[in-house]
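Chains A and B supply the protein sequences, listed in that same order.
Start counting the first sequence at -10; every next residue gets the next number (my numbering).
Start counting the second sequence at -10; every next residue gets the next number (my numbering).
One or more of the hints may lead you astray.
Stated by the list, open to error - Cross-link-like lysine-lysine pairs, in silico, BS3-like; alpha carbons within 25 angstroms at most: (1) Lys44(A) <-> Lys291(B); (2) Lys52(A) <-> Lys76(B); (3) Lys76(A) <-> Lys42(B); (4) Lys3(B) <-> Lys42(A); (5) Lys76(A) <-> Lys76(B); (6) Lys3(A) <-> Lys42(B); (7) Lys44(A) <-> Lys76(B); (8) Lys52(A) <-> Lys387(B); (9) Lys130(B) <-> Lys42(A); (10) Lys391(B) <-> Lys96(A); (11) Lys42(A) <-> Lys(-9)(A); (12) Lys263(A) <-> Lys322(A); (13) Lys52(B) <-> Lys76(A); (14) Lys52(B) <-> Lys130(A); (15) Lys3(B) <-> Lys76(A).
Don't read these hints as lab results, they were simulated from the structure.
There are 2 protein chains.
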Amino acid sequence: MKLVVQKYGGTSVKDAERVMNVARRITDTYKAGNNVVVAVSAQGDTTDELIEKAKEINPDASKREMDMLLSTGEQISISLLAMAIEKLGYPVISLTGWQAGFRTDTKYTNARIKTIDTERLQAELDRRRIVIVAGFQGLNKYDDITTLGRGGSDTSAVALAAALHADVCEIYTDVDGVYTADPRICKSAYKLEEISYDEMLELASLGANVLHNRSVEMAKKYNVKLSVRSSLNNNEGTYVKEVSQVEKMLVRGVTRDNDVARISLCGVEDTPGKAFQVFGMVAKAGISVDLIIQSIGDGKTKDISFTVAEGDLDATLALLEENKGIINAREIKWSNEVSKVSIVGAGMVNNTGVASGMFEALSNAHVNINMIATSEIKVSVLVARKDAERAVNAIHDKFLSK
Amino acid sequence: MKLVVQKYGGTSVKDAERVMNVARRITDTYKAGNNVVVAVSAQGDTTDELIEKAKEINPDASKREMDMLLSTGEQISISLLAMAIEKLGYPVISLTGWQAGFRTDTKYTNARIKTIDTERLQAELDRRRIVIVAGFQGLNKYDDITTLGRGGSDTSAVALAAALHADVCEIYTDVDGVYTADPRICKSAYKLEEISYDEMLELASLGANVLHNRSVEMAKKYNVKLSVRSSLNNNEGTYVKEVSQVEKMLVRGVTRDNDVARISLCGVEDTPGKAFQVFGMVAKAGISVDLIIQSIGDGKTKDISFTVAEGDLDATLALLEENKGIINAREIKWSNEVSKVSIVGAGMVNNTGVASGMFEALSNAHVNINMIATSEIKVSVLVARKDAERAVNAIHDKFLSK
């Protein structure tokens, strides 16, 4: 008998009809002869509504009490989902995070899973019950409820799959799987049958928004085979797993990220440690810097350009203004009319032609490149936002056309 | 240092403003140098809304899953109340039923408290924290969440007071305390300073609707001093405690209960065991019978009259109709245009004049008496519903006028 772990997000269980739909999906899997463990998120906007209630009373509430409050969201959805499965006539039990054995560290609102005590879970599976587990939550060493922060329910599902040695962990979402590019901006984009953990990690952080990085990292660590699928249809999804090194495809996907802004410090003093000084200051303020390029100095001055998330632009500019005496740049330029376009693929590590092919495609499409950054399995370029869609299509045609 | 246990019902915490109001009340008690433990119900209509959500999915959901669902209501209110107290700058922690050590039997939706493991509670009090406990809930031997049924939060508060040997258990409600009669129908009614457990039990079951009987029974068993007060003002409430036998007042209060219907079986066979036959049948159907009178038979036939809750009238009549062959009555009469009026007082056990004084008062007020029942500390009469208010005032004037 196989063990299948499934995860359903908040939109998949947002109302009674969706809950019944998910219940049927679960019982279909059970009927096919599998044991089934399900991790569920809070329904639709429940979490936001609870946060609103808290803010009305105390905008600076302790994180410990926030977790006590927010964890009710998943407790509501597990009980409702269990009731729906009862209605379909199958044996089922819902378990809160602590009942399912999730033990975390003490970092409220953003806790890390330390262990899962599977005794109760295993006992329920031995009774051939479908087990519905509250995602996103656990218990710390003080016996207090914690929540796992962003992407927490995905992480709960992967942790369950790892602890129970499940055959597969199916992540149900509102997209069909992982695509070679965003189908909304690239008509020739198609769904990938499979992808490696590392590729998925790059795609996730580049704005593909399918799986949270934490869950992919955990899946990689414990070698959990993931399947990303839609809860609204029966299409085969995309498998995320350890893919063998011999790749037929150099490139897996093209992504566009509009949440980016560029800042250029022109004519700063060309001395060692200048970059360290600037980026140390920015990091201290809690702002993440992504792409960085530095012009080759002439011994006197050089230019340093970098990108930040668009939402951090104002704070970054204010910080630079405050410290302009230290930075001593001739001019500070910026733009939020830019996008980051990236190609990802484990195959490119052994193939030097990928970056140049990408540049050629962009050149043919008359897309000007602002900045370039490369890693073993990705190449990112910064382009004008108006050109980004054209850039994605040009690159997709070059590397991924069928 | 004194230990005060307080209980706030759903209407007392129904919105952010009320929650802040309750928080100030709690911190006032704490500031006065007391340790404070608080039991809270779910906010306003939360429980009803959760039941509605469940019904939409599965009207026959298991009780175990209902408890999983409903227990979130109190978990929401404890965290919000704790946040409100944090805002006022006092040390506080919220605890679910299981965190507070409530262990119950396995009867979901109507569980009984078996023990309270006070280790965590005591540790929090030792840190001089205000402790906010989710009322109405506990954990059974399977580590599953249970709820305590009607009046559950009152019972939680009394159980906390008993387990922690509190100096007093203050039950905050929307009335000022326990009155000699319902002030809405009796202008001369006034608030009692104190009342015995037994008197309170009779008053509660007679429709005074202040405290649930389960909580009063537990308070009596563990000798917990109760104070019934309003959460909306600072008036002294009513103490419920072991009152010494020497009573200056014969009668404590007069109550009216409209939730009653009378059924008369006229001309049934006058044989031993007839009453047993009838009431056995009714009890088997889960219907509670209250007052019973039986006419003195003439050796051939007799009349049996009894009262049931008004909501049970139709079911009772249907049951009697089904079994009319067995009952074999000449005629079955019924009325729901009746009320039960009762006087309660521990003093009347040693004073035979109370019942006759009551009948005299009713006679003077031209109120006809349908049925009479007496116990050691109460006398109840059934009267026409239109006469009930007049009856309450006449009796109050006779025994309780100041």
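Between Lys52(B) and Lys130(A), is the straight-line Cα distance small enough, at 25 angstroms or below? The hint is violated at about 30 angstroms.
Hey, Lys76(A) versus Lys76(B), does the alpha-carbon distance stay inside 25 angstroms? violated (44 angstroms)
Satisfaction of hint between Lys76(B) and Lys52(A), Cα-Cα up to 25 angstroms: Distance of about 13 angstroms is within 25 angstroms: holds.
Does Lys76(A) sit within 25 angstroms of Lys3(B), going by the straight-line distance between their CA atoms? With a Cα-Cα distance of about 32 angstroms, the restraint between Lys3(B) and Lys76(A) is violated, given a limit of 25 angstroms.
Straight-line alpha-carbon gap Lys52(B) to Lys76(A), limit 25 angstroms: With a Cα-Cα distance of about 13 angstroms, the restraint between Lys52(B) and Lys76(A) holds, given a limit of 25 angstroms.
Are the Cα positions of Lys44(A) and Lys291(B) separated by 25 angstroms at most? violated (69 angstroms)
Does Lys96(A) sit within 25 angstroms of Lys391(B), going by the straight-line distance between their CA atoms? At roughly 62 angstroms apart (the allowed maximum being 25 angstroms), Lys96(A) and Lys391(B) break the hint.
Restraint check for Lys130(B) with Lys42(A), where alpha carbons must lie at most 25 angstroms apart: Given pair Lys130(B), Lys42(A) is violated - Cα atoms ~34 angstroms apart, limit 25 angstroms.
25 angstroms Cα cutoff - pair Lys52(A), Lys387(B): Roughly 60 angstroms separates the two Cα atoms, so the pair is violated.
Holds or violated: Lys76(A) with Lys42(B), Cα cutoff 25 angstroms? holds (14 angstroms)
Below or equal to 25 angstroms on CA atoms is what counts here, so check Lys42(A) against Lys(-9)(A). Given that 25 angstroms is the threshold and the Cα spacing comes to 42 angstroms, the pair is violated.
Would you mind confirming whether the straight-line C-alpha gap from Lys263(A) to Lys322(A) stays at or under 25 angstroms? At roughly 18 angstroms apart (the allowed maximum being 25 angstroms), Lys322(A) and Lys263(A) satisfy the hint.
When each numbered hint is compared with the structure, violations occur for hints 1, 5, 8, 9, 10, 11, 14 and 15.
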